[in-house]
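Using the hints, position chains Z and A against chain U.
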Amino acid sequence: MIFLALLLGLLLFVLGLAVVMLRRSAILLFLGIELMLNAANLTFVAFSSANGALDGQIAVIFTIAIASAEVGVGLAIFIVLFRRFKTQSVDDLRILRW
Amino acid sequence: MSPLLLALAVTLVKIAVVLGAVMTAVAMMALIERRFAGLIQDRPGPNRVGPFGLLQPVADGLKFLFKEEVIPDEADKWIYLLAPLLAFVPAMAFFAVIPMGTPFTVFGIVVEPLIAPSSFGVLYILALSGLSVYGVFLAGYASGSKYPLLGGLRATAQMVAYEIPMAMALLAVVYAARSLDFTVIADAQAGTWFGVVPKWFVLPQIIGFFVFWVAILAECKRLPFDLPEAEAELVVGFHTEYSAMKFAMFFMGEYAHMIAASAIVTLLYFGGWHLPFAVPGGNLGALIAFAAFAAKTAFFLWLFIWIRWTLPRYRYDQLIRLGWTVLTPLAFLNLLITLFTCRAPGVN
Amino acid sequence: MATALFFAFAALALVFGILVAALRHPLYAALSLVGVIGCLSVLFYLLGAPFLAMVQLIVYAGATLVLILFVIMLLGLRSEPRAPEAHPVQKGLGLLLCLNMLLFFLLGAGTLVRKTVPMTGGGARSGVEDLGRLLFSRYLLPFEAVSLLLLAAAVGAFLLARREWK
Chain U
1 MIFLALLLGL LLFVLGLAVV MLRRSAILLF LGIELMLNAA NLTFVAFSSA NGALDGQIAV
61 IFTIAIASAE VGVGLAIFIV LFRRFKTQSV DDLRILRW
Chain Z
1001 MSPLLLALAV TLVKIAVVLG AVMTAVAMMA LIERRFAGLI QDRPGPNRVG PFGLLQPVAD
1061 GLKFLFKEEV IPDEADKWIY LLAPLLAFVP AMAFFAVIPM GTPFTVFGIV VEPLIAPSSF
1121 GVLYILALSG LSVYGVFLAG YASGSKYPLL GGLRATAQMV AYEIPMAMAL LAVVYAARSL
1181 DFTVIADAQA GTWFGVVPKW FVLPQIIGFF VFWVAILAEC KRLPFDLPEA EAELVVGFHT
1241 EYSAMKFAMF FMGEYAHMIA ASAIVTLLYF GGWHLPFAVP GGNLGALIAF AAFAAKTAFF
1301 LWLFIWIRWT LPRYRYDQLI RLGWTVLTPL AFLNLLITLF TCRAPGVN
Chain A
2001 MATALFFAFA ALALVFGILV AALRHPLYAA LSLVGVIGCL SVLFYLLGAP FLAMVQLIVY
2061 AGATLVLILF VIMLLGLRSE PRAPEAHPVQ KGLGLLLCLN MLLFFLLGAG TLVRKTVPMT
2121 GGGARSGVED LGRLLFSRYL LPFEAVSLLL LAAAVGAFLL ARREWK
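Just so you know, the protein sequences line up as chains U, Z and A, in that order. Following our numbering, the numbering of the first sequence begins with 1 at its first residue and continues without gaps. Following our numbering, the numbering of the second sequence begins with 1001 at its first residue and continues without gaps. Following our numbering, the numbering of the third sequence begins with 2001 at its first residue and continues without gaps.
Here chain U stands alone, though its shape is the one from the complex (with noise of 0.2 Å):
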């Protein structure tokens, strides 16, 4: 059952990674973030239901709490960007380049 969390864990991060790396959509990119999060909380679970301590659960709160927070700034960002430019994509966002 851990080794299966685990291996869970590990393609539910891939996915999110690969979300990050292909899609160009800001909204998009938020939820491959918080995929690859909600992967690594589930490894942190399995580990600590392996070894029997808390603390791996300790640190699942820690990145739950992190997360909202992110989002929260994350999103506010995202809604002045698109109001202004009119654009989700992160593509498009170049205006300190030349």
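Where hints are given, some of them may not hold.
[Stated by the list, open to error] Below, computed lysine-lysine pairings styled on DSS-like, alpha-carbon distance capped at 30 Å:
| no. | chain 1 | residue 1 | chain 2 | residue 2 |
| --- | --- | --- | --- | --- |
| 1 | U | Lys86 | Z | Lys1077 |
| 2 | A | Lys2091 | U | Lys86 |
| 3 | U | Lys86 | Z | Lys1146 |
Because the hints were derived from the structure by calculation, they are not lab data. Everything numeric in this text was worked out from a predicted model, so none of it was measured.
Chains Z and A in isolation, oriented as in the chain U frame:
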């Protein structure tokens, strides 16, 4: 019969009984709400079908069954069909962890009036009330029409905002009872002060009760906070485009949510099935306990209706301001008071 | 029974995860992520972390994802007609990195984990109380730091998303 099979059978029977009872209560509430509205507005209300209009819910149900199912062209079909389910299922799932009295004996089997004994029922309730946003939200989005969209947006912001004072008020009760288990919380309120005043949490935590009740009115989208379905502005908000049984699912979900909320208020603040005087033991005691629980729950259901036909609707900015600048600080104040007045854990 | 449930929900989580990666419409992808989160909550429960299972639903599904969905609905986001996609070279490199990651963990770290971590499963179900004790003793400082971070994030988000922002 093996013990596992017996437990399974008992649980299935309990689920059937609770589902039946809740659906009956939903039907009765629909009638009582309209009769009581008639009473307040000095008109008879629905009194044509059966004696005192008692068969009105049956007539309504038949009407819902035979109405035409309409799916708007603009709708996002799958999500449109999924939304009523997501509104109905969490509302019913509340009842899994709500204990309704003390254990009783049937055919030599001790039965607890609770489907799933859980050591973290309070968290389960919070999780479900978080999930019940999805039905409303997706209904608003998938209808492909502007009034449902506005209603859905309003409902989402409102329900997320009022979850914070609700959870903070809950936290004070959990601290006072030292448990997340509804049975333990109810039992912590047994007994009396000075032999007459019941040890209900509503007395030391009157602020918490007020905050919790107002937050619940908002969570159930009831007047004075029914902005998501304000008839005068948004037709009926997020379920404007729904007809027949799909509308009935929203309707039943809303009433089931109200019944669950009343039962939870009873358990958290009004001692659940405990009365300020001694009751006999055995099955008679269990019956009295259940009757006390049902009566208290019915009182809060009636309070829902009373408030609906008494208070005018809030404006949306007033609603959000009330949630963030009045209820949330009050909930924190209540938590502080509870922290200082209750014995610290571990110091017995 | 528990193992069968675990298999079922792990498979379901994987399906939803693939949907998150495959779907281009932001709303559908976000809803698939809600599915992943729900399945993971069940897995957490089965792995002996009932508190985390509930927190996962309350915070992740009930607040974080609702916020993302709210923004998708507020801005009326759809999959853009000219779908924002990466450059083919970027795409190839990205896929290569993903595959590399997968193989590295599967082969390298996998064997390491199998050698060092007992796969029997402690099965110690954690009560809320034990978690609380640990959180407020050994992890008190990180806890306070996170509370500050949340406050800063709340203020920052409010400041950024104001309508008058120039």
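Status of the hints after comparison with the structure:
no.: 1; hint: U:Lys86 with Z:Lys1077; in the structure: holds, 28 Å
no.: 2; hint: A:Lys2091 with U:Lys86; in the structure: holds, 24 Å
no.: 3; hint: U:Lys86 with Z:Lys1146; in the structure: holds, 21 Å
Checked against the numbered hints listed earlier, the structure breaks none of them; every hint is satisfied.
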